[in-house]
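Protein sequence lines correspond, in order, to chains W and D. Note that the working numbering has the first sequence beginning at 28, numbered continuously upward. Note that the working numbering has the second sequence beginning at 20, numbered continuously upward.
Hints are computed from structural coordinates only; laboratory data are not their basis. Ideal Cβ placement from N, Cα and C applies to all residues, glycine included. Treat each hint with caution, since some may be false.
[Unchecked claim] Lysine-lysine pairs mimicking DSS-like chemistry, simulated, CA-CA at most 30 Å apart: (1) W:Lys-147 x W:Lys-131; (2) D:Lys-155 x W:Lys-147; (3) W:Lys-58 x W:Lys-131; (4) W:Lys-131 x D:Lys-37; (5) D:Lys-90 x W:Lys-113; (6) W:Lys-147 x D:Lys-135; (7) W:Lys-147 x D:Lys-37; (8) D:Lys-122 x W:Lys-58; (9) W:Lys-140 x D:Lys-122; (10) D:Lys-90 x W:Lys-197; (11) D:Lys-24 x W:Lys-113; (12) D:Lys-155 x W:Lys-140; (13) W:Lys-113 x W:Lys-147; (14) W:Lys-58 x D:Lys-37; (15) D:Lys-37 x W:Lys-163; (16) D:Lys-24 x D:Lys-122; (17) D:Lys-90 x W:Lys-58.
[What the hints assert, rightly or not] Here are the simulated distance ranges between beta carbons: (18) W:Gln-203 x D:Glu-150: 46 to 54 Å; (19) D:Glu-117 x W:Glu-81: 30 to 38 Å; (20) D:Ala-149 x W:Lys-197: 30 to 38 Å; (21) D:Glu-117 x W:Glu-122: 40 to 48 Å; (22) W:Gly-202 x D:Gln-100: 26 to 34 Å; (23) D:Gly-125 x W:Arg-166: 36 to 44 Å; (24) D:Glu-146 x W:His-61: 32 to 40 Å; (25) D:Asn-53 x W:Gly-202: 57 to 65 Å; (26) D:Leu-112 x W:Ala-204: 42 to 50 Å.
[To be verified] Which bits of chain W does chain D cover? Going by a derived footprint, with three or more residues having C-beta under 8 Å, they are: (27) 34 to 46; (28) 49 to 63; (29) 71 to 80; (30) 97 to 105.
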Amino acid sequence: MPNLPQRKAGVVACSGEELAEGTVSRLAALKVLHELRPNDTVTICLPLFLAGGEGDRAFARFHPTITVDGCELRCAARATEMYSAKPAASIVVNELLAEQGLAKPEGCRRLNKAGERAVKAVAERLTTLVDQVLGKKGRPVEAKEVGTSPALPEEAVVTCSCGSGIPIRKIAVAGQAVGIVALPLILQQFREAGRGPDEAVARELLDAVKIYNSVPPEAEPDYRVALLREYAAFCEQEHPQ
Amino acid sequence: MSDDKNRVAIVPCSGIGKPFGSVSREAAYEVCENLRPDDTRLVALSKLVLGESTACATVAHCPAITIDGCKLMCAARMVKQSGGTVARELTVLDAYREHRDLKPEGIAELNEAGLKLARVLAEEIAETVAEIGRSKAGKGGSHA
Numbered sequence: 028m029p030n031l032p033q034r035k036a037g038v039v040a041c042s043g044e045e046l047a048e049g050t051v052s053r054l055a056a057l058k059v060l061h062e063l064r065p066n067d068t069v070t071i072c073l074p075l076f077l078a079g080g081e082g083d084r085a086f087a088r089f090h091p092t093i094t095v096d097g098c099e100l101r102c103a104a105r106a107t108e109m110y111s112a113k114p115a116a117s118i119v120v121n122e123l124l125a126e127q128g129l130a131k132p133e134g135c136r137r138l139n140k141a142g143e144r145a146v147k148a149v150a151e152r153l154t155t156l157v158d159q160v161l162g163k164k165g166r167p168v169e170a171k172e173v174g175t176s177p178a179l180p181e182e183a184v185v186t187c188s189c190g191s192g193i194p195i196r197k198i199a200v201a202g203q204a205v206g207i208v209a210l211p212l213i214l215q216q217f218r219e220a221g222r223g224p225d226e227a228v229a230r231e232l233l234d235a236v237k238i239y240n241s242v243p244p245e246a247e248p249d250y251r252v253a254l255l256r257e258y259a260a261f262c263e264q265e266h267p268q
Numbered sequence: 020m021s022d023d024k025n026r027v028a029i030v031p032c033s034g035i036g037k038p039f040g041s042v043s044r045e046a047a048y049e050v051c052e053n054l055r056p057d058d059t060r061l062v063a064l065s066k067l068v069l070g071e072s073t074a075c076a077t078v079a080h081c082p083a084i085t086i087d088g089c090k091l092m093c094a095a096r097m098v099k100q101s102g103g104t105v106a107r108e109l110t111v112l113d114a115y116r117e118h119r120d121l122k123p124e125g126i127a128e129l130n131e132a133g134l135k136l137a138r139v140l141a142e143e144i145a146e147t148v149a150e151i152g153r154s155k156a157g158k159g160g161s162h163a
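Isolated chain W (complex conformation):
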């Protein structure tokens, strides 16, 4: 994966409404997203993998994603893998609680004390996994970060109630309009590296695009042409002659 701007870990919680462990998954994810690692994490509502668009389904291909499930059904982990990409790591609340000898939580709507302890334990494990997938091992779990990072640039963003859609851009490839996931960020990265629009860049652009998008081998020459044209236009727009 290229070192694109704002690399963050994705967090997908099952939020299962029928079980207290589902509420634990939700509250632990929110604790990490808002308090423990706000600058390093983003989330998406699980149903958006089906109800949303291509940008939503690209979530786990774009962000190394950690799923948090309440029970052994593992809805979040399995649905993420089915519709987006295999999660980088996963947590199952009831398994983690058994491993740590913690009591079963009660109260889907309002967690009891055991539930609150469960949220803390799951949030700590999730924080550790976030640091691992981002290669930031060794940071204290409880270190509350300050400030907020900007959201992903919005360009044809397929958004959701979480505001976490992946930016996509439509380009013409051999006369057909094709949505390219993460293209705005890829173009920005190449521009920031001071690269000019030449043949070598066209090949590298295609390599970067293929990480997040399915490109038929026979269509690669057309994609290279289209990407180079798009990059030239992007550079011209950024710095008109």
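Position chain D relative to chain W; hints supplied.
Just chain D now, with coordinates in the frame of chain W:
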């Protein structure tokens, strides 16, 4: 209306990014735990996303009321994709438009206004559940 097949499936959106998702969840709990516990069944949206058989069977056999937190209408869409019938689609945004004084804030913990908005929504859902029950009873009577 206590037979499982005669219950109404309540499906909140499970939105995790904004307070509206939390309002939908809270409203669903209020209906299923307090207002119409014998007539409703809460269905976790994540199970429908996965295609879990019991959840899909519930929405296939019971009329569903969906509560969505945003315009993407995940809950309503997932019920339909799972072969269910949406008896009524509700959105938190519509409820908020009618009650501008109840601006929800907080996701992990809703503020007082958010809880009140959820209560308003829950009462509307409870009334719809009652209407569905009356309608079923009426149809049953006509066939008797």
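So, going through the hints one by one against the coordinates:
1. W:Lys-147 x W:Lys-131: 13 Å, holds
2. D:Lys-155 x W:Lys-147: Status violated; Cα separation ~46 Å.
3. W:Lys-58 x W:Lys-131: 20 Å, holds
4. W:Lys-131 x D:Lys-37: 28 Å, holds
5. D:Lys-90 x W:Lys-113: With Cα atoms ~28 Å apart, Lys-90 (chain D) and Lys-113 (chain W) stay inside 30 Å; holds.
6. W:Lys-147 x D:Lys-135: OK: Lys-147 (chain W) and Lys-135 (chain D) at ~28 Å, within 30 Å.
7. W:Lys-147 x D:Lys-37: This hinted pair holds, its Cα atoms lying about 21 Å apart.
8. D:Lys-122 x W:Lys-58: At roughly 22 Å apart (the allowed maximum being 30 Å), Lys-58 (chain W) and Lys-122 (chain D) satisfy the hint.
9. W:Lys-140 x D:Lys-122: 29 Å, holds
10. D:Lys-90 x W:Lys-197: 23 Å, holds
11. D:Lys-24 x W:Lys-113: Roughly 36 Å separates the two Cα atoms, so the pair is violated.
12. D:Lys-155 x W:Lys-140: Status violated; Cα separation ~42 Å.
13. W:Lys-113 x W:Lys-147: 26 Å, holds
14. W:Lys-58 x D:Lys-37: Distance of about 14 Å is within 30 Å: holds.
15. D:Lys-37 x W:Lys-163: Holds - the C-alpha atoms of Lys-163 (chain W) and Lys-37 (chain D) are around 28 Å apart, at most 30 Å.
16. D:Lys-24 x D:Lys-122: 36 Å, violated
17. D:Lys-90 x W:Lys-58: 26 Å, holds
18. W:Gln-203 x D:Glu-150: 46 to 54 Å: 49 Å, holds
19. D:Glu-117 x W:Glu-81: 30 to 38 Å: Cβ of Glu-117 (chain D) to Cβ of Glu-81 (chain W): about 34 Å, so the range 30 to 38 Å holds.
20. D:Ala-149 x W:Lys-197: 30 to 38 Å: Violated, at about 48 Å.
21. D:Glu-117 x W:Glu-122: 40 to 48 Å: Distance hint for Glu-117 (chain D), Glu-122 (chain W) holds at roughly 44 Å.
22. W:Gly-202 x D:Gln-100: 26 to 34 Å: For Gln-100 (chain D) against Gly-202 (chain W), whose Cβ atoms are near 33 Å apart, the range 26 to 34 Å holds.
23. D:Gly-125 x W:Arg-166: 36 to 44 Å: This hint is violated: roughly 27 Å between Cβ atoms.
24. D:Glu-146 x W:His-61: 32 to 40 Å: Holds - the Cβ-Cβ distance for Glu-146 (chain D) and His-61 (chain W), about 35 Å, lies within 32 to 40 Å.
25. D:Asn-53 x W:Gly-202: 57 to 65 Å: Once the Cβ atoms are compared, 59 Å apart, the range 57 to 65 Å for Gly-202 (chain W) and Asn-53 (chain D) holds.
26. D:Leu-112 x W:Ala-204: 42 to 50 Å: Violated, at about 31 Å.
27. 34 to 46: It holds: at least three residues are needed, and the segment 34 to 46 of chain W offers 7 whose Cβ sits within less than 8 Å of chain D.
28. 49 to 63: holds (count 7)
29. 71 to 80: Satisfied; 9 residues make the cut.
30. 97 to 105: holds (count 4)
Figure legend: structure checked against the earlier numbered hints; hints not met, in rising order: 2, 11, 12, 16, 20, 23, 26.
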